[in-house]
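**Q** As they're listed, the protein sequences go chains A and B. No gaps in the numbering here: position 98 of the first sequence is 98 in this note's numbering, and each next residue is one more. No gaps in the numbering here: position 272 of the second sequence is 272 in this note's numbering, and each next residue is one more.
Hints are computed from structural coordinates only; laboratory data are not their basis. In this text, a Cβ means the ideal position worked out from N, Cα and C, and glycines have one as well. Check before you lean on any hint, since a few could be wrong.
[Said to hold, decoys possible] Some residues of chain A that are not near chain B, with every Cβ distance over 12 Å (derived): (1) 156; (2) 225; (3) 402.
[Said to hold, decoys possible] Now the stretches of chain A that chain B is said to cover, found in silico as 3 or more residues with beta-carbon under 8 Å: (4) 133-145; (5) 158-172.
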Amino acid sequence: MPTTITMPQLGETVTEGTVAQWLKKPGDNVEKYESFVEVSTDKVNAEVPSPVTGRLSQLLVKEGETVATGTPIAIIDEGEALTEGSAPEQAHPQPEAPPSPPPQATVEHPQTTAASAGNGAAYVRDGAAALRGASPAVRRLAREHHIDITTLRGSGQNGRVTVDDVMAAARMGPAAAVGQAVAASVTPAQVPPPQAPPAQAPAAAQAPTHPPTTETSTYAAPIPGTIVPLNQARRIIAQRMVESKHNAPHAWSMVEVDVTNLWKWRQREKEAFQRAHGYSLTLLPFFIRAVVESIADFPLMNARFTDEGIYVHPDVNIGIAIGLPTNLVVPVIKHADKLSIRGLAIVAGQLIEKARNNKLNVDDLGGGTFTVNNNGANGSYASAPIINGGQAGIVTMEAVVRKPVVLENDAIAIRSMMNCCLSLDHRVVDGYVASGYLADLKKRLEGMGPDGSL
Amino acid sequence: MAIAAPSKVMTNVEAVRATLYDALKRDDRVLILGEDVGNRGNVFLITKGFIEEFGAERVIDTPIAEASIVGVAVGMAMEGLRPIAEIQFADFIYPAFNQIVGEAAKIRYRSNGEYTCPMVIRTPYGGGVRGALSHSISVEALFYHVPGLKIVAPSTPRDIKGLLNTAIEDPDPVMFLEHKRTYRLIKDEVPDEYFTIPLGKANVLKEGSALTVVSYGLNAHQALEAAQRLEGEGLSVEVIDLRSIRPMDRKAILDSLRKTHKLLVIHEDNKFGGIGAEISAMVAEEALFELDAPIRRLCGPDVPAMGYALPLEEEFMISTDRMAEVMREMVKY
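Take these sequences, add in the hints, and give me the full structure.
**A** In structure tokens:
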């Protein structure tokens with residue numbers, strides 16, 4: 001029985017995904033729960049497990065192609081072992097397939113429907129079909145428990161989402177429901193073509209202003225005069241940046257911080273820390289410690305603007321911006337205010353390692369309430385960061401520069417100086433609060449070291 | 001510790017006989033009329049010996065004329081007697097249709113409550129006994145559309161006694177349908193003492209969590225057996241014996257559905273416009289958002305009659321295997 005696999009929704013706000021890599025070829029046998037495709041979505045790469053055991057018969061989406069969540073991406077013939085001579089169907093959509101008619105609300109005789117669906121049609125589940133196939137009780141309970149049916153793995157016939165599935169998801173809570181999100185079910189319907197037939201999509205006519213290319217222009221190797229296709233992360237970054245700049249009136253301020261003593265402290269601890277934990281000890285955890293201590297005194301910096309009012313977050317979750325060759329990721333240190341400098345260093349080390357290995361998951365990326373950007377590694381002296389949407393501010397650590405400084409006693413000394421730049425959502429706080437916060441942060445950083453314990 | 005009330009094990013047909021006998025003994029207003037109920041003692045020997053004990057005025061042999069059996073009973077009832085009219089086989093009830101639907105059901109309404117029609121129309125119905133064209137039919141759907149009629153279709157000896165007692169006491173006409181295949185098939189304890197079971201109360205034969213099965217008559221026994229088989233497979237099915245078709249125990253159905261979210265109705269009577277149609281519509285109106293699967297009906301086929309040939313009869317009757325199969329599909333749906 002063919003089961004159609006759809007693009008999973010790997011996060012509550014995720015609306016589309018890119019097939020990064022097919023881990024199985026058409027014709028390969030797939031075990032239930034075995035990963036068969038790698039999907040990249042909004043900053044996350046995830047391997048998607050198969051909901052059924054069977055033979056992968058069709059790939060409906062090419063590698064690199066981005067489709068909406070719920071779109072069919074593959075068909076697995078459930079329970080069908082690979083037999084000789086049964087060549088897998090080619091991985092092509094059927095252009096002659098008409099748009100899917102509304103499936104019958106009832107599946108009184110599944111055997112019959114399966115048989116009659118044999119001619120070019122197949123069991124399909126896309127997001128819309130999942131909804132159409134959802135029983136009234138499932139819809140009601142999903143609505144009552146704020147659960148997105150299309151994110152659930154169905155345990156019913158042909159992967160149908162049942163009342164029990166919804167109740168189980170409700171008991172786990174919304175986050176868990178998303179975590180196990182692998183939509184995989186089946187509703188009798190025709191296969192909607194993943195791409196419109198050529199006649200209906202005059203693609204050439206739509207892009208006349210750009211010269212045709214034969215080579216692929218990529219972000220890593222852009223070819224002048226060509227279009228670099230937007231991958232999912234780039235698309236989302238673009239969207240988020242525009243939204244943040246559009247919604248939050250940014251204001252900017254900077255303080256210069258004497259980190260001489262902090263630097264000494266860090267130099268002293270560095271090697272032992274590396275030996276003990278395997279991560280290098282940077283200024284970042286010290287800085288985050290100071291940031292969260294200042295937030296305790298300036299809770300409005302840990303807030304978001306809403307039409308109803310300013311929501312002050314109960315938790316302090318610090319996003320750390322990490323630049324990768326292709327895109328930026330901002331994993332989040334949850335409850336950063338509850339961690340010591342050592343704890344912050346370890347968690348940050350783990351997240352950075354995951355980011356570089358492309359192993360961040362949805363949980364790593366969600367829930368940030370304030371963001372720290374360690375911008376100085378390449379010598380940046382000042383920057384004007386864009387606020388992570390839904391937060392009140394973002395603060396940067398610029399390059400630590402040794403330079404002559406006039407001390408309080410009018411002496412001139414060589415000190416290690418670092419600029420901290422703050423972008424703030426002016427709807428949430430004004431300069432008074434923001435500058436108070438920056439001054440507090442400066443005082444704390446300058447008070448750190450040369451002695452102390454992590 | 002309570003002392004168990006004295007009881008006897010009896011079959012369905014023995015329960016009918018015992019209850020009728022007690023009624024004749026207990027209440028002078030009660031009388032029985034029908035074809036062969038007197039000297040022949042009824043074709044199933046239900047009234048054997050009654051005419052000798054109670055006399056030809058209370059156990060009345062009638063001509064083969066169903067319209068007059070019911071029509072005479074209507075007159076008796078309006079004048080204060082408690083007639084129990086017997087239609088020998090439900091298949092023969094059509095000539096009495098006017099007397100039942102046009103007269104008995106409407107007496108209270110047309111007389112503005114001045115007259116009532118406290119009568120019982122007993123009749124054996126249903127197939128599975130090689131009864132062929134004219135000894136197999138189910139008639140409940142022909143009458144359940146009619147306001148003013150009550151319809152009972154008990155499945156066990158105990159329910160037969162309790163419900164027949166209630167039907168006799170009821171101030172309005174009650175149709176009492178006895179599935180003839182259960183007559184000697186079903187055997188159970190029946191308390192000796194007089195008792196009644198209210199009309200309109202269903203009986204949960206087996207509790208379950210994954211599917212509600214509503215049935216009555218012979219099918220209720222089969223549904224219970226199928227559900228017990230599924231229990232062995234770890235599938236939990238609730239079986240409700242309606243007992244009373246009109247008034248119908250909607251609450252029992254809806255309460256169960258709110259627990260299981262799936263509904264299967266099983267009846268031997270034809271599917272189109274059958275009891276299952278009413279239950280389905282009622283559930284769609286009252287509890288659509290409880291449903292986690294399409295309602296299914298397992299019913300007799302829409303053919304004019306049950307064939308005599310065994311394969312035709314078997315095709316018409318719903319097998320316990322088929323019930324188990326559909327239940328399994330629905331639980332797993």
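**Q** Need the list of violated hint numbers for this structure, in ascending order.
**A** 1
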